[in-house]
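Q: Those protein sequences? They're chains A and B, same order as listed. Quick note: the first sequence uses my numbering, first residue 1, plus one each step. Quick note: the second sequence uses my numbering, first residue 1, plus one each step.
No wet-lab data here; the hints were simulated from the structure. It is possible that some hints are incorrect.
Claimed, not checked - FRET-style restraints, in silico, Cβ to Cβ: (1) B/G67 - A/Q184: 47 to 53 Å; (2) A/M257 - B/E17: 49 to 55 Å; (3) B/E19 - A/T103: 18 to 24 Å; (4) A/P218 - B/D236: 50 to 56 Å; (5) A/A179 - B/G277: 54 to 60 Å; (6) B/V81 - A/D22: 55 to 61 Å.
Stated by the list, open to error - Now the stretches of chain B that chain A is said to cover, found in silico as 3 or more residues with beta-carbon under 8 Å: (7) 153 to 166; (8) 172 to 179; (9) 250 to 256; (10) 269 to 279.
Heads up, the beta-carbon is just placed ideally off N, CA and C, and yes, glycines get one too.
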Amino acid sequence: MIRIEGVTYSYGDGINALDGVDLEVKDSELLAIVGENGAGKTTLVKHLNGLLKPQRGRVIVEGVDTKETTVATLAKKVGLVFQNPDHMLFAETVEKELSFALTNFGLPPEEIAKRVEWALIEFKLSNYRDRSPFTLSGGEKKRVSLASVLCYDPQIIVLDEPTTGQDSLQKTRLASTLANLNRQGKTVIVVTHDIEFVADFIPRVVVMSRGKIIADGPTEEILIRKDVMEASSILPPQLAELSWKMGLNSPSINTDMIVEEIRQMLRGEQK
Amino acid sequence: MVLAIIEVKGLCYTYPESETPSLIDVNFKAEPGEFVLVTGPSGCGKTTFCRALNGLIPNSYGGDFKGTVVVDGLLTTSTPVYELAQRVGLVFQNPENELFCTTVEREVAFGPENLALPREEIAMRVEEALEIVGISHLKEKSPEELSGGEQQKVAIAALLAMKPKVLVLDEPTANLDPVSAKSVLELMHRLNKNGVTVILVEHRLEMISHLVDRCVVFEGGRIVADGSPREVLYSDKVSELGVGLPKIVQVSRRLSGLIGEQLRFLTSDELASYVRGRLH
Chain A
1 MIRIEGVTYS YGDGINALDG VDLEVKDSEL LAIVGENGAG KTTLVKHLNG LLKPQRGRVI
61 VEGVDTKETT VATLAKKVGL VFQNPDHMLF AETVEKELSF ALTNFGLPPE EIAKRVEWAL
121 IEFKLSNYRD RSPFTLSGGE KKRVSLASVL CYDPQIIVLD EPTTGQDSLQ KTRLASTLAN
181 LNRQGKTVIV VTHDIEFVAD FIPRVVVMSR GKIIADGPTE EILIRKDVME ASSILPPQLA
241 ELSWKMGLNS PSINTDMIVE EIRQMLRGEQ K
Chain B
1 MVLAIIEVKG LCYTYPESET PSLIDVNFKA EPGEFVLVTG PSGCGKTTFC RALNGLIPNS
61 YGGDFKGTVV VDGLLTTSTP VYELAQRVGL VFQNPENELF CTTVEREVAF GPENLALPRE
121 EIAMRVEEAL EIVGISHLKE KSPEELSGGE QQKVAIAALL AMKPKVLVLD EPTANLDPVS
181 AKSVLELMHR LNKNGVTVIL VEHRLEMISH LVDRCVVFEG GRIVADGSPR EVLYSDKVSE
241 LGVGLPKIVQ VSRRLSGLIG EQLRFLTSDE LASYVRGRLH
């Protein structure tokens, strides 16, 4: 469980990167945080593992105030996967990359081997076990950085732009990995610009703009709201846009529902 | 018949120390002024194909290269890189890796300076390139302090200053947010209207497919579809590939089956105005 209460944070440039943010995330939720560049998304998630501490308000992670603990303690609970894998990867081989945190946490060798094996298979990296992460493609590096965090089994997983450079099959695979983790009781938070990925796979969405949360709720209800999409200058999902252009009675981001609604409209016209 | 600006014949290529070929018998032709969208799943050979178009493959990479690539009448395997660079500009995914000068203006001037052009000519080209791309106001800035979208535009302006006939872009929007991505893609459309041949590798088909003349799909190192975007995105083959088909295409395909009429829309405007037309 995460509770963010009235959090304000400024990098000292006179602008509040976070401006009185309240957010509650229950255990085993799957949610997305969206918003334009500079909306405060990354600043917000850096508060979850204590990389940043609130200047006003407080952040409670699993019952612990982040001001009263260390990043090292929080890191075991909250795994942060950054947008640019080049900022995370450093080991000589993919295998060493995956076992690094596990070794630091002092896990027994058999347990480390087991978890690394799981990650190599889950993320289709077995062929790259002995390769340097730096020789991999952008999409492959992203999978290594995600695997290296999931390996140490944090309760809360935060992913910053996990879909960049991934094709549609890999996105679908990523979505099912996230859904799986979620079913195992993990809390998964995805920070993204990829609105179609959110529309297709993420049940709850939090929309940020200029340091504030301007909408929070079920994805299919939030992403069809023209006022919210315009206020946050996000490009809306294609089907929301289609719904608005056709003046549908019940706009939707769901392909089945849109197809059905258009079919009914056209059938009505034939009578 | 128009003379092709790019002609690729029987191209097969395997990277050094790799056992599997990255390109297999690729045949491709582009006419001057064409806008060609290249897509396909990761690892399908798109990037390798781009590198072959400006001679990076095989000239810099080595490897096992068969077949021919001719760009603007020059055979890539026997033309020096500086010659090819004046005809084909290549834009990569990550602009940070390409920019190195202290100001945008110097960055854009770097190419023409290396061609030892007269000072006035360089100044003119730089002005013009910044103008076309719409970043004249950034010329005194350091590329480092710019956003990803702005950096990508600097990289494009730097190529335009070389006055290339062909621009090849390998997922230029991969690291950009949707608003910047849209603006870079619209810029490509504008440059193409000014006569530049554009070869664009892109996953965001919903933003670009209605703006291109042609769509080429790679899979497993081969070209598996080549035609107008409507033909290609509505072909059964491509729908099976796991290329991320735009939602409008998915909806139109489903509707076609239900109402017994072939719909081939690429944008929400097209589909919406068709439905409105049927109702009134």
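Q: Confirm or reject each hint.
A: Hint check results:
{"no.": "1", "hint": "B/G67 - A/Q184: 47 to 53 Å", "result": "holds (50 Å)"}
{"no.": "2", "hint": "A/M257 - B/E17: 49 to 55 Å", "result": "holds (51 Å)"}
{"no.": "3", "hint": "B/E19 - A/T103: 18 to 24 Å", "result": "violated (33 Å)"}
{"no.": "4", "hint": "A/P218 - B/D236: 50 to 56 Å", "result": "violated (35 Å)"}
{"no.": "5", "hint": "A/A179 - B/G277: 54 to 60 Å", "result": "violated (40 Å)"}
{"no.": "6", "hint": "B/V81 - A/D22: 55 to 61 Å", "result": "holds (57 Å)"}
{"no.": "7", "hint": "153 to 166", "result": "violated (count 0)"}
{"no.": "8", "hint": "172 to 179", "result": "holds (count 5)"}
{"no.": "9", "hint": "250 to 256", "result": "holds (count 4)"}
{"no.": "10", "hint": "269 to 279", "result": "holds (count 7)"}
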